[in-house]
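Chains as they are written, first to last, in the numbering used here: chain A, 10 to 356; chain D, 10 to 356.
A couple of the hints might just be wrong.
One copy or two, it doesn't matter: identical chains are merged, so the pair holds either way.
To be verified - Here are the simulated DSBU-like pairs of lysine-lysine, each with C-alpha atoms no more than 35 Å apart in a straight line:
(1) Lys100 / Lys273
(2) Lys216 / Lys17
(3) Lys100 / Lys17
(4) Lys344 / Lys216
(5) Lys344 / Lys39
Because the hints were derived from the structure by calculation, they are not lab data. As the structure is a computational prediction, the values presented were derived from the model and not from experiment.
The lines below spell out each chain.
2 protein chains.
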Amino acid sequence: MSRKEVAKRAGVSEATVSRVLNSVGPIAEKTRDRVLAAAKELNYHPSALAKNFVKRKSGNIGVILPYVPKVHIFSTYYFSEILSGVGEAVKQHGYDLLLLFTTPQEGVMNYSLYFQTQKVDACIILGARDTLEEREALEDLERNGYPFCLVNQRFEGSNYNGVDADHVQGSYEAVQYLLQQGAREIGFVNGPTMYSNSRDRLQGYRKALDEAGVAFRTDLLYEGNYSRKSGEALARVIAEQVPRPDAVFAANDRMAIGLLQGWKAIGLEAGRDIALIGYDNSDTAKVTDPPLTSVDVPFFEMGRQAVQLLMDEMSAVNELSEEHSKQRIHLLPTKLVVRRSSQWDHN
Amino acid sequence: MSRKEVAKRAGVSEATVSRVLNSVGPIAEKTRDRVLAAAKELNYHPSALAKNFVKRKSGNIGVILPYVPKVHIFSTYYFSEILSGVGEAVKQHGYDLLLLFTTPQEGVMNYSLYFQTQKVDACIILGARDTLEEREALEDLERNGYPFCLVNQRFEGSNYNGVDADHVQGSYEAVQYLLQQGAREIGFVNGPTMYSNSRDRLQGYRKALDEAGVAFRTDLLYEGNYSRKSGEALARVIAEQVPRPDAVFAANDRMAIGLLQGWKAIGLEAGRDIALIGYDNSDTAKVTDPPLTSVDVPFFEMGRQAVQLLMDEMSAVNELSEEHSKQRIHLLPTKLVVRRSSQWDHN
C-alpha cells in the first residue's frame, strides 16, 4: 500500500496526503477529513505513515528542559501548565512529545544534534537562561534553519520565535494595587536576573513606584531562586527589617507561600500585618490560608501557542512562503486576581 | 571514527562500549567512567553514538498517558511526580523521554506500533484502565516481547512488569486512624473501580472496618472521578446525610480538598465538625486550611523504579539471562501523615 492509494481514494494529490498526515500547513477541514477517512479505510496509521512519506520526519516535537537533579520539575505549576498546553497542541497535530533534559555541566550545549539525529522536527525551549552557552546553542539552531520556539524567555538583540507573557504589565498592576491600598514601603522578592521574565518583573515594579512618586530603594529588593524554601528563608529577614515593609510582591507563588508560612511561624499574618502578592496564580494560591492574591499567567495557552507557531513555521518552510514567519513573538496578557493576602490594616 | 577506537582507548571490548553508551546492564562504575572518558576525548556524543551502535535503538523511553482534552494532566500531583521520577532516571541512563498520548476513541489501542516504528525502546504505561482494549494492547506487547512496565495499576490474572504502592495498607491505616479517634460512621469517597488502585483502597477501607467490628455500609460509599470538582459536588450530599458521618476518607487529595471547600461554603469545618483524610500527600495538602491529613505515596520513587525495572529487563534480554526478570512487581510502602483535618470533636 502506498500514499498513492490514499490520495486516490481521497481524490487529492499525494502532497496533500503528506501534508494532512504530517499536520503541516493550513488545510481545509473538509479535505483533511477526507484524507483521514481514506487512510482509516485503508487501515493506515497516520503516525506510522508519516515516517515513510516525508524524509527527515521524526513525528516528534522536542521540549528542551533544564535538568536539575532531584527537583521535581513537573510538579512546578509553571512547567506543568506549559507542558499541558504543549501536550494538548502536539496531540492535536498528530505529533508526539519528546522531553530532552539538558545537562549544563557537559559544557557546550548542542541542540542541533537533536535535529541531526532526527529525534525531533522542531523544538520548544523552556527555562532558557541568558548565558553565553545558551546564546551559542540558539544561534546554531538559527543558522541551521531548525524550527524552534522559546517560551517565557527573550534574548535581547535576537529575533527568535517566542511566546511570552507581559510580565512588565503583570508586575506593574500588582504593585500599583498595593500602592492604592496605601502601602508605601513595598518589598520585592525577585528571581535570578538571568531570566528575562525576572528582569521584566523588576521593570514593572519600578514603573509602578515611579508613577506613584515613590522612591525606588535597593534595600527593599530581595532575591530568591523561585523555590518555596528561598521565600521561607527571606521571611524573617523581611519581618525584622526596620521599619518593616508594608507589603511584599513576590515573583512567583512558591516564594510567596514560603514567605506566608515563614511569617506564620513567627506570628506575622499576611493579609493582616503585611500585604502579600504572589505571581502565577497557581492552584495552590487558591487554598492557602489566607488565600493568596496573585498574577494570573496563561501558561497553558502559552504552551499551545508555541506549538502552533512551530507548525506555522514548518508549513511556511514547506510552502516556500514567508507569510507565517512575520509575527514571531506572541506576548500574552496577565491578570491580577485579588484574594485575602493583599489586605493590610494600615493603622 | 568508530566504536573500535573508543574501545581501544578505553581498553575494553566493543560490546562493552555499546553497553555503556546504551546504558544496558550492570557495568562496573570504573569501566563505565573509562568508556565515557574515552568517548568524550574522541569527541563522541553518546546519544548520537547509540543510534549507530545498536540496531533498533531509538534512545527513547516512552511514557503512554491517557489523553483527556483540556485536562491539565501535568498539573495533577500524581502524574507530575511519577513523571519527575521517570525523567530523573531516564536522564541518568542516557535516554530521552517520549510522551505518547493515547486517544481511546480511535478504537483499538496499538502500543506495539511505537516499537515497530522504532519510536521507543521500552515504555511505561500510566493511568491504564482495566478495559478490554487495554488488556488486548498489553497482551500484544507481551507477545511481541517489547519491554513495558505499568505504574500504579495491576491486571488480575496477568503477570506484567509493574510498580505499585500498597494502597490496601495505606487505606487501612487511614481508616484505622479515624476509628481510633472514635469515629464510627466513616464515609468513603472513592475513584472509579476500573483502576486497580481504587479497588485496593476499598479493600483497605473494609479491612479496617472489619477488624474494628464496624459494619460495612454501602450508603456510606460515594464515587467521584479523582477531580476536585467531584469532591466538591459530594460535599453537600454528605453533609446532609442523616445522621451525618463522623468522618470521611477520600481516595485522593483533590477530592478531599473539594470536600473541604464545599463544606466550608456551608459552614462545616473539617477537623472540627467532621474528620477528613485525603490520599497522595500532595504539596497542596500542607497548605490548606486546615492542613489536610493524607496518605503519602512515593510517586517519584515509583517512576524511578519503573525505569530501573525496564533497564534491568533490557539488559537481561541482551545477556540472555533470566535473572532480572524474576521480581516483576515492585510494591512500595505508603505512610499516613497526620495533620489537623482529621481531628474531630465527638461531643
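Status of the hints after comparison with the structure:
1. Lys100 / Lys273: Cα proximity of Lys100 and Lys273: none, with 44 Å in one copy and 38 Å across.
2. Lys216 / Lys17: Neither way: Lys216 and Lys17 sit 62 Å apart in one copy and 63 Å across, limit 35 Å.
3. Lys100 / Lys17: For Lys100 and Lys17, the Cα distance is within 35 Å only inside one copy (27 Å; across copies 45 Å).
4. Lys344 / Lys216: within (17 Å within a copy, 49 Å between copies)
5. Lys344 / Lys39: Answer is neither: 38 Å inside a copy and 54 Å across each miss the 35 Å cutoff.
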